[in-house]
Amino acid sequence: MRYLPLAEADRAEMLRAVGAASVEELFVDVPGAARLSAKIAGLPDHASEMAVERELTAMSRKNLPASVAPFFLGCGAYKHHIPASVDHLIQRGEFLTSYTPYQPEIAQGTLQALFEFQTQVARLYGCDVANASMYDGSTACWEAIGMARRITRRGKAILSAGLHPHYVSVARTMARFTGDQLVISLPDLTSEPDTASLLDRVDSETSCVVVQYPDILGRIGDLSELAERCHSAGALLIAVVTEPVALGAIRSPGEMGADIVVGEGQSIGVGLNFGGPYVGLFATRDKYVRQMPGRLAGETVDAEGKRGFVLTLSTREQHIRREKATSNICTNSGLCALAFSIHMTLLGERGMRLLAQANHRRAVEAAEALTRLPGVELVNESFFNEFTLRLPREARPVVRAMAEKDVLGGVSLGRLYPGEASLANGLVVAVTEIVTEDDIAALGSALEEALA
Amino acid sequence: MSMNREGRPTRPEGSAAAETGTWTGNRALMLEEPLLFEIGDAETTGVDFEDYGSPAKAGAQPAADSGPRPSPGSRLGGMARNRPIGLAGLSEPQAVRHYTRLSRQNYAIDLGLFPLGSCTMKHNPRLCEKMARLPGFADIHPLQPIDTVQGALELIAELAGWLVKLTGMHSVAMSPKAGAHGELCGLLAIRAALEARGDAREVILVPESAHGTNPATAAFVGYRVESIPADPRGRVDFEALKSRLGPDVAAVMITNPNTCGLFEPDMTAISEAVHAAGGLVYCDGANFNAIVGRVRPGDLGIDAMHINLHKTFSTPHGGGGPGSGPVVFSEALTPFAPLPFVEKQGDQYVLVEEETAGEHHGQSFGRMVAFHGQMGMFSRALAYILSHGADGLRQVSGDAVLNANYVLRQLQDVLDAPFGDSGPCMHEALFSDKGFAGGLTTLDLAKGLIDEGYHPMTMYFPLVVHGAMLVEPTETESKAALDEFVGALRSVAERAKAGDQSLKDAPVHAPRRRLDETMAARKPVLVWKDADEAQAAE
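Heads up: the protein sequence lines correspond to chains A and B, in order.
Here the first sequence is numbered in this note's numbering, starting from 1 and rising by one per residue.
Here the second sequence is numbered in this note's numbering, starting from 1001 and rising by one per residue.
Since the hints were derived computationally from the structure, they do not count as laboratory data.
Here a beta-carbon is modelled for each residue, glycine too, at the ideal position from N, C-alpha and C.
Treat each hint with caution, since some may be false.
[What the hints assert, rightly or not] Derived EDC-like pairs: lysine to aspartate or glutamate, alpha-carbon spacing no greater than 20 Å straight-line: (1) B:Lys-1529 <-> B:Glu-1158; (2) A:Lys-39 <-> B:Asp-1248; (3) B:Lys-1130 <-> A:Glu-394.
[To be verified] Per the computed footprint, the stretches of chain A lying under chain B, defined by three or more beta-carbons under 8 Å from a beta-carbon of chain B, are: (4) 125-132; (5) 148-162; (6) 240-254; (7) 350-356; (8) 390-404.
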C-alpha cells in the first residue's frame, strides 16, 4: 500500500527483534471480546489514487461552486481573489507538515510567521496585541465574552442585535454552562445599527457589550460613544469583525475604543471551504494580554544573542495550567493564519486600501442597480461590501429560485432567522472585487424573474 | 544592529556575521531572514491594481488607467478610515522569497521522522491536498441553498459513516474544530444528558496521566476535577476509580490507549462500573491510531470519543492547525449531539440546523460553532480513508504498533522504559531519564537530538513518569528510517548517561541556539514596533 513502507521481510525481522510471533500478539492487552479478528466487514478495501480521485471528483461535481456562477453570498464568509502564490507557499512541506512550534530552535519559520501575523492583526484591528489565531470568528467571540467575565468579574453580556446569529447561538450554548447571562435581541430591518439602544442598556452589572462591525445586515455604526459608555460603567466593549477587508476602508474598532476585537479572517487567504477551516482573529489591549486565550509568539534572543521567537505566556494554557487554564484550547489555525498573513503581505497597505475601495465601489453600483427593480428597497443607510434588500415577498424561496437558475444571489434572512416574520423579506447581498458587471446584470435579471 | 532596506545587517562589529565569518551572517543554505516589517513598506504590493477598477465586463481588457478612481458615491456612513493601518507589503518575488526562506527554518514530517508521542506525525498524502482543492469542495459557501451542495453534504455523511463504523458507535458530531473542541462537545453532551435526567453531578474523574486539555475542558464546563492515580503497570488504578465512583461523579475521562502508550485492559469493566454508578464515559481518542481497524471503542462501552482527524486520519498539522475533532456518541448521548449535522431524508441530504432541530432533535445542546465544521479537513480525511480502506486501516494500526515496539526493544538497553517489562506497548514507546548523569535532563537529550537532524520526541508528558520521553514513530516509517532514528537516539542517550556536558549547549547546528523563554515571558514582545513606537512604549 503506497503509504505503508514496511515490507513482509521487514515485519518478520522486526517481530523477531521484539520477540513476538505475529503483530496480533502485540495486542495481548486488548480483551478477546473487544479484539476484531479481521478487518471490519461492510467497508471497501484500499483504493488507488486514480480510483479515489474518480470517486471524489464525481462527488465534487454535484456542487455548484462560486467560481462558475454569479456569486453574492456573505454573512460571515466571503469570496475574494486569493493571489496564486499563497496556496503554493502554504503547501511547502516545511509549513504544511510541521508541528506546533514547541521546539523553537527548529521552528523559527512558523514562529516568525506567527509574530508577523500577530502584528498584522493588531494593526488591522487597531489594538496593541493579537494572538496567533483561534479556530474561527464564532469561537473567538465566545472566548472574548469569557475573557470579559474574568476581567470585570461580572456575568452579564449584552449582545447587539446585529451580531451574526450563529455567533449568538454559540454564545448561548456556552453560556448555559458557564452561567453567563446573555441579553439577546433580534435585528430590525432599519437603516441604522442598534448602537443607540445598546447605549441605554449598559449598566453596572454588564461585563461587556458585543457589537458586530459592520453588522449582519451590513450596517456600519460608530463605536466611539458606545466604548465610552461601557468604560464609564466598568464594562468592556467587544467588537466582532466578520469581514476584515472592511477595515481597509473604515475606521478600526480599536481606535474607537474597543477593548477586545475579534473576528473571522477567512476573507484573506483562506477561501470559502464550505465553512471551514477558517481562522479566528483575536486582539486586545496590552494590559489584558495575560487574560487572552490562545497561543502567543513572542520575541526573544538565543544563546548567541541572535533574535528569535518562541511561544510565550504558556502559563495561561492547558498544557501547563490544566484545569486552571484560561481556555481549553490546544491548536490554533496555523496554516490558515499563515495563508492570511501571506495574502496580507502581498496586499500591503496600498493593496488593502485599493481592495477595500474596489469592494465598496462595486457594492454601491450593485445596490443602485438592484434597487431599480420594482419593489426592491435598500435597508441600509451605510454599508461596506454587503447590504440588505427588502423584497416585496419572502426572500428564501427567491434565493432558491435563483439558485435553480445557477445564480447564487445572496443569503436570505429566513435562512439565518427561520420563523421570524419581520425579517423574512430580507436578502443580504455581498459584493466583492470578484463580482463583474455581467454578474450584477445576471443577479438583476434572476431577481426580477423570481419576483415576477 | 540595524538593517538596511534589503534586510542585510549593516556592518560590522558585534553582529551575527562575526560568528559565521560571512558578511551576510548566512551559512550557505541556512539563510537569515528579517521580519516582514523590516523589509516591506506601505507602497509596495504584490497584487495588481487593474483588478480594482470598476467591475469589468467578463473577458474585457483591464482598464487602461489603473489605480484609484473616484468612487460613485461613498456609502460608508462617515466611517471612512482616516489613518494608515500600518501594514507592510512586498512584491510577489520578495514575498515568495521571504516565506520560502522562513519555511526552511522548520523541521517537518516531509524532512524526517517526527517522533512526537500522541501527535501521530504520519505522512500527509498529497492526494488529500488535491482533493480538498477541487472547486466543488473548496469554492462553496456554507450558506448556499442545500440543493447546490449535495455533493458536500454527501461527503460529510460518507465520512461520518466511516467514523461510526470504525468506532462501533451510534452517531457522530462533525462540527468540532479541533480535538479540544471535540472534548468540549463530548462533555457538553454528557452534561446535557445528566441535566435532562434531572441528575446534577459535579465531579469528573481524570487520570493523572491525562493530556492537559482533559481537566481544562472539564473545568470549563463547570465540573470539579479529581485525579485518579496510575497503577505500577502504568494503567488507571481500577480499584481507586471504582471506590471513588458515586452519585456525584458525572463522568470519567479516559484516554485509551493511554498516554503511556498502553492499552487499558480494564476499559470495559471501567465503563460498566461508571454506568452502574450513573455516570458516563468520555474517551480521549488521540491515540486511536494504535487500534483503528482492530478495536472498536464502542465495544468497550464508552459514551463519547473525539477523533483527531489531524492525527489518525492524516490531515496536515500545518504548524499548529487547523485540526478537526468529530465526536462519536453512544445511543445514550446521541439525542444531545450539537447542531448542525447532516442527515439523509429520502434521496436528499439535508443540514439539520436550529430551525429543523425542534422537530426531532429538540434535546441537542445547541450549536458549538458557526457553519458546519472543517469541510477542508473532511475532504482530506475521506481521501485518506478511501485510499486505505478497511484492510489498509487495519494495517495502519498493526504497523504503527510494530514500529513502536521495535523502537522500544532496540533502545531498552540504553534508555529506561518504565513499563517495558509489563508487556508490549501500543503505538508509542515511553522512556524516562533514569540513569542520566552529570545533571543532564530530558531537555538536554532532546536538544542533542536536534543536532542529529530530528525533531525531539514529546518531553515531560505524561506527568506520571520522571523526565518522560514519548516516542511515536507511526506506520509511515520504513525499517531503515527507524534504524537510523534508533541509532541517533542511542548516540545522544549514551552521551546523557555518560554525563556529557556538551549536551547543555545543544543544539549547536540548528538555525537558532536555545532561546531565552524566561525573558520572552517576563517582558512579552508580541508585535513588531518601529523605532518611534518602541520608544513611545517605554
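Next item on the list: Against the earlier hints, flag every one the structure doesn't satisfy and list their numbers going up.
Entry: 1, 2, 3 and 5
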